[in-house]
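Given only the sequences and the hints, what does the whole structure look like? Please build it.
Quick note on our numbering: the sequence shown kicks off at 823 and runs consecutively.
One thing to keep in mind: the hints can contain errors.
As the list claims (entries may be wrong) - Pairwise CB distance ranges (calculated): (1) E882 - Q1023: 30 to 36 Å; (2) R966 - T934: 39 to 45 Å; (3) R966 - G920: 22 to 28 Å; (4) P1025 - T826: 55 to 61 Å; (5) D1055 - K892: 31 to 37 Å; (6) T934 - S1091: 34 to 40 Å; (7) E970 - E923: 18 to 24 Å.
I should point out that these hints are in silico values taken from the structure, not numbers from a laboratory.
Just so we're clear, the structure is a prediction, and the values are computed from it rather than from any experiment.
Each residue gets a CB set at the ideal place from its N, CA and C atoms; glycine is no exception.
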Amino acid sequence: MTTTIEDAYAYCAQVTKEQARNFHYGIRLLPPDKRAALCAVYALARIVDDIGDGDLPAEEKLAGLAGVRKSLGDLGASTDPVYVAVADAARRYPIPLGAFEELLDGVEMDVTGRHYVRFEDLVEYCRCVAGSVGRLCLGVFGSRPEPEAATYADQLGIALQQTNILRDIREDLLNGRVYLPKEDLDRFGVELAVGEDGRLQDPEGGLTALVHDAAARARDWYGDGLRLVPSLDRRSAACCTAMSGIYRTLLDRIDEQPSRVFDRRLSLSGREKAVVAVRALLGSPR
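Written as structure tokens, this is what we have:
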């Protein structure tokens, strides 16, 4: 059955509305054509993430990721609405489709259980799973001549992923994943563990100190990545500022009181996210 372009974009828009709890607030600020293209990008990234985070055995996950690679290699042949929309978006905008390959590389790291010894190792992972998304977004946004635009987009994505990692320490540990670099854990004398009360244990305060240190480092990455904003048009800048603003606000909450993430997955309310988005559209700082 043939999928029309309109139906394909409508499907991707619905996926984004239902599942992009943070990004949707920024994507809504784009004009219709760019909004549709970015929804297509998000929907394909969602497919990749869902494979990596699903309950299938590792072998089946890797096979699923290989199937995505194959579909990316022949976009024009697919009738799946997500691929149909991505193919059309890539014809309209200079979307670097190779960045999806990097996203797949990063999710494969999750599936195979990669360990991170140094912060530089973690940056490589973050560049794959989030810097790639930053560069995909830039392809839709477009920018004024700026030779470092892709680098800034990459840095901003890495900053967002560092925030995700701090927010999800407990959840990731329960799922058998540790993203905090071993050198950081050792430096602060931290042994990650969840107690009988379901909370991350922090008897000596080392984990709290580690979170403060990691938050300060992430904030530097935001500072570097947000140099992208002046090269974007007004609506794209608002989208970028809203998406990053939500995560920066979340980072501030975590840094203010790290214990907030010791027993739950911290998030902002819908109203708080909407306020950040409105401020971004008005060109005001968060």
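Satisfaction of the hinted span 34 to 40 Å by the C-beta atoms belonging to T934 and S1091: holds, 36 Å
Range agreement (Cβ of G920 with Cβ of R966, hint 22 to 28 Å): holds, 23 Å
Distance restraint hint 39 to 45 Å, applied to the beta-carbon atoms of R966 and T934: 40 Å Cβ-Cβ, so the 39 to 45 Å window holds.
In this structure, is the beta-carbon distance linking E970 and E923 contained in 18 to 24 Å? holds, 22 Å
Cβ-Cβ distance between E882 and Q1023: within 30 to 36 Å? Once the Cβ atoms are compared, 34 Å apart, the range 30 to 36 Å for Q1023 and E882 holds.
Would you say the C-beta atoms of P1025 and T826 sit inside 55 to 61 Å of each other? Because 59 Å falls inside the window, the suggested range holds.
Range first: 31 to 37 Å. Now tell me if the beta carbons of D1055 and K892 are that far apart. Holds: the Cβ-Cβ distance is about 35 Å, inside 31 to 37 Å.
In the structure shown, no violation is registered for any of the earlier numbered hints.
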